[in-house]
Amino acid sequence: MFLFVLVGCASNPVREPASFKITESCREVITHFQDRYILGLKESQLLSSELIPLNNRNISETERSMKFNVIEGELEGIKRSSGSTKPEFLILEGGIKVVWKEHKKIKLANYRAEVLAYELNDLWGIGLVPETVERTIEGKVGSLQLFKESITGPLLDFKIRNEMSAEAIAKVKHNLKKQSLFDYLIENNDRNKNNYLFTIEGDLYSIDNAASFTGIGNYRKSFIERENDIRGFLNTNEGEEVFQSIVSNYNNSFKNQIILYIGKKDANKFFERIERIIQIKN
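In the numbering used here, the protein residues as written are 539 to 820.
Read the hints as simulated data drawn from the structure, not as lab findings.
There's no promise every hint is true.
[What the hints assert, rightly or not] Okay, derived cross-link-like pairs now, DSS-like style, lysine-lysine, Cα gap no bigger than 27 angstroms in a straight line: (1) K643 <-> K803; (2) K807 <-> K643; (3) K759 <-> K711; (4) K686 <-> K645; (5) K715 <-> K686; (6) K678 <-> K697; (7) K686 <-> K709; (8) K635 <-> K605; (9) K802 <-> K645; (10) K802 <-> K678; (11) K678 <-> K624.
Since this is a predicted model, take the numbers as computed values, not measurements.
Construct the complete structure from the given sequences, taking the supplied hints into account.
Structure below.
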């Protein structure tokens, strides 16, 4: 197939095979072929359109500062992650601490998914994903997420046994059920204990959403595996509020905006997951 692409792009290949030339448009075709069929990237990982806040909402002052404030340097005292996205920890003018993930052509990295996860979190009132914006730094596009002072997931069991109050334990367990619903909807198949944070008070932060919406990931969980947690959350007062927000925002305008973020194929699969949640709740 790759040979077919090359031949199709050649300038007069039959009469002058030795003078093979690649036009700029052909370079784009070849690059697209390599990205899709050799690197195995999804459509959403190849889109480059600007990301507009859902429903054209007004961004917060924190988000505005994250998008435009000058970078003062690296955040000291933070161990660099060994994950595939290799995030950088930066400090912006005004003392704002952020996590920068440059767009990279690898399967588990998609800055558009990071931003969309936050947008849905905000739209639905989920309250788990820290503020996340699209930004270009030194000519490279990527996602910038607000840094949260918190504890990594692997320490959760220890903290529950030794340091957290009964109220905080109940809160974090509730938030884990809410995260399970959210991860099902955004198809986050990379949610391991290193990909969420928590506090002693029971708050939860769902970070590392770069593998969402594509079906890619090393920690896949089916709906059946999540069902008890999903139903458990939906049967709470907060779960009812989130559900009503999901339903009220599920319209053609919403669908069109999602397609601009992640492309039609992955968007349609996302819509199927929303409809399944609506079906089980009704």
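Exercise. So which of those numbered hints doesn't the model satisfy?
Worked result: 6
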